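Once you've looked at the hints, dock chain F against the given chain B.
2 protein chains.
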Amino acid sequence: MMHLNLFLLGAGHHTAAWRHPDSAIERMGDISYYEDMARLAERGKLDAIFLADGQAATNVSDSPRWFLEPITTLTALSRATERIGLICTISSTFFTPFHAARLMASLDHISKGRTGWNVVTSMFDAEARNHGYESMPAHAERYARAEEFIDVVLRLWDSWADDARPLDRSGDYVRKDAVRQILHHGEHFLVDGPLTVPRPPQGHPVLFQAGASSEGRELAARRAEAIYAVAYDLPAAQAYYSDIKARVKAAGRTDPVPILPGLVTYVGSTEEEARRKQRELDELLPSEAALRQLGLYVGRDCSGWDLDAPVPALMPLEDFTGPKGRYATVLRIIETEKPTVRQLLGRLAAGGGHCTMIGTPESIADRMEHWYRNGGADGFNLMPPALHSSVGDFIDHVVPVLQQRGLFRREYEHDTLRGHLGLARPPRS
Amino acid sequence: MMHLNLFLLGAGHHTAAWRHPDSAIERMGDISYYEDMARLAERGKLDAIFLADGQAATNVSDSPRWFLEPITTLTALSRATERIGLICTISSTFFTPFHAARLMASLDHISKGRTGWNVVTSMFDAEARNHGYESMPAHAERYARAEEFIDVVLRLWDSWADDARPLDRSGDYVRKDAVRQILHHGEHFLVDGPLTVPRPPQGHPVLFQAGASSEGRELAARRAEAIYAVAYDLPAAQAYYSDIKARVKAAGRTDPVPILPGLVTYVGSTEEEARRKQRELDELLPSEAALRQLGLYVGRDCSGWDLDAPVPALMPLEDFTGPKGRYATVLRIIETEKPTVRQLLGRLAAGGGHCTMIGTPESIADRMEHWYRNGGADGFNLMPPALHSSVGDFIDHVVPVLQQRGLFRREYEHDTLRGHLGLARPPRS
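Heads up: the protein sequence lines correspond to chains B and F, in order. When we follow full-length UniProt numbering, the leftmost residue of the first sequence carries the number 1, and every step to the right adds one. When we follow full-length UniProt numbering, the leftmost residue of the second sequence carries the number 1, and every step to the right adds one.
Isolated chain B (complex conformation) (with noise of 0.2 Å):
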């Protein structure tokens, strides 16, 4: 069965959706608009709510990016459902290791074992300097910290017994031998323990990660439950896929380590209807903005390009001196969609390099499928161009033909996070 997640961020995932009629920017303060979000998601049985988060409110003027913190929000999510994981992303570098494992464990026992952790490690100096640091530390010094944070976490989980607490009158709340320190003294981090809080029902949340670096794909093949990608195609999806899982299997894992990409996707009652709604939404785009941030992305001035016109020949991948990672996903769209200078910077809007998706229901869910039977894709992180409209499109249209093919659930049989993802409960180590 494939796995699927709602990734909610902002007014959608296009920056320009804000700025349709529909948009309900009114409300982005407002935790019922939330809620009515994973409701709609619980109704289509979806494993999980995904929600990113960042440090530093950049660009606060183009987009709603920036509002609720996200623990909160998923505490507040867990009361409005009642099987739907909730996955929060908490950074490793800005947190201490105690207050990331207990926030998780009392949202794990709040929601009844729907809590996942998105391990980040963070990336920009605008973040770092909000926490004490003049910049963000190295990479690798980030990603030690990252796997000796992951370590301590777990053993805060694991400091109670599942069965620490009797429930005996007359005798001790909790067995002596059953709650333990950790005496953690590390490289980075000094942690007593116990934990205040006592083990997660879920043992620990579910672990995910969205490793693309080097460091990044190697702690997750050690740490990672569920995986996050990014995959502009699915030969890109492939070759990441493949990759992770022989990490997995030389890392000595068993368990199943599902693979998610991102996925966004413009669903109608015909191919033109779908990309009319694509249109709609990047015709909202202040093309003069676009443009110059365009030209930053390819390191010339496009400022007179015409908008409905084919996209000026560029230079080469391998003669350009600036990012090359974003810039390669530009040729490659250039490349293989042909797209007028406004569908570029659209495509770019939404989701930037994440595999795009146009069209009828039958139609993406059978993009779905080929990239799941052919060793692209264990499921998707779904990643809806406009809130709310795009989530109850893909819902009401795209999850039934997934349920018709056998593809996807009809009906929650679990009741945790890590039923749905099919991962076994982690004994205390």
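Since the hints were made in silico from the structure, they are not lab data. Certain hints may be false.
[To be verified] Label pairs and their calculated CB-CB ranges:
1) F:R332 / B:A424: 52 to 58 Å
2) B:R39 / F:A140: 47 to 53 Å
3) B:P166 / F:D172: 58 to 64 Å
[Stated by the list, open to error] Selected chain F positions facing chain B (Cβ under 8 Å, derived; list incomplete):
4) T75
5) H131
6) C302
Owing to the predicted nature of the structure, the values given are computational and were not obtained by experimental measurement. All C-beta atoms, glycine included, are put in the ideal place defined by N, C-alpha and C.
Coordinates of chain F only, in the frame set by chain B:
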């Protein structure tokens, strides 16, 4: 009007409450247990729910003091209630100000302006050793850090203008001049800002503090918007009250700064029924352990003491060489209440040095009114000995008497905690 907060802790403030057949120890990890009590408190029109916090699980065998984490718990409670305030304890010693500002701002949006912050500096080495310190920073150092921490949090809350988002789909999402960095570069913190969360509905969540030491009282006088106090009896309450009010005035402030002493109540339809409720809990105390604990407090072996005899004579305070504060409380309880050994153990097991009132609803209301009208209290922080029976006793029987006397609201007149407490919304500074 009086202010009343409900301080929820474990199975109640009496350490033996969990042993009572009516306790809900089976539900300590179930958020609905806390939701039920929050709804009960809201039915009684209380100002707020208050949660304490600590960063180390000590004496886990004794009582269910440790379970859910407060910010996640209060977020869940915000979705089960509509008007009651939600006060979260957050330590300035163990969080970064950015995390603290962000979590509380998010809860203030989710709860639509019902958040309070009880700022503490924490006390125990065991807490420090969960967050990277070898031992707890010195008292003066903690208070210096706390004051800088509060400054940074307030400035982060003010980093967005109230009207930053014009909600105009054709312009900028946020007015460019409406969000600013704070560029704090102080003794303890480097924080550039701005916050990732728009300005909270209350401007600033309400700042509570419980200063007892001289540094604590000074910080409270300069910064706190409402204050928790520990007062064993009215003279002690009056001394604290007049000292703090004088310090607030000396700091040039004119806002009301309500002072709320802790209050343990045993309510019965007769004096005898109230005393029976107290006795029922006291008799659940494991006497051997309680006598051992008492031995530590009074510096002598109490193991042979007769539980139902009067407390043997103790040495005067000036001759005692151990911690004087708690010893003074013990002497005072003996002097004023002439308790048996069991009664003394019971008093120490429920709220310790806090005021305890036992009796009918009318007689408890009399004493609360007496404190309120005689410069002892602007209200109380209710510390029910047994959950949730003591909460029901107070809400159903004492609150109506206070309402009849015009001492307590019959309906909420405001939607925010700031409104309930009669505090103005701070303009952005």
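Where does the structure disagree with the numbered hints, that is, which hint numbers, in rising order? Hint check: 6 fails alone, others pass.
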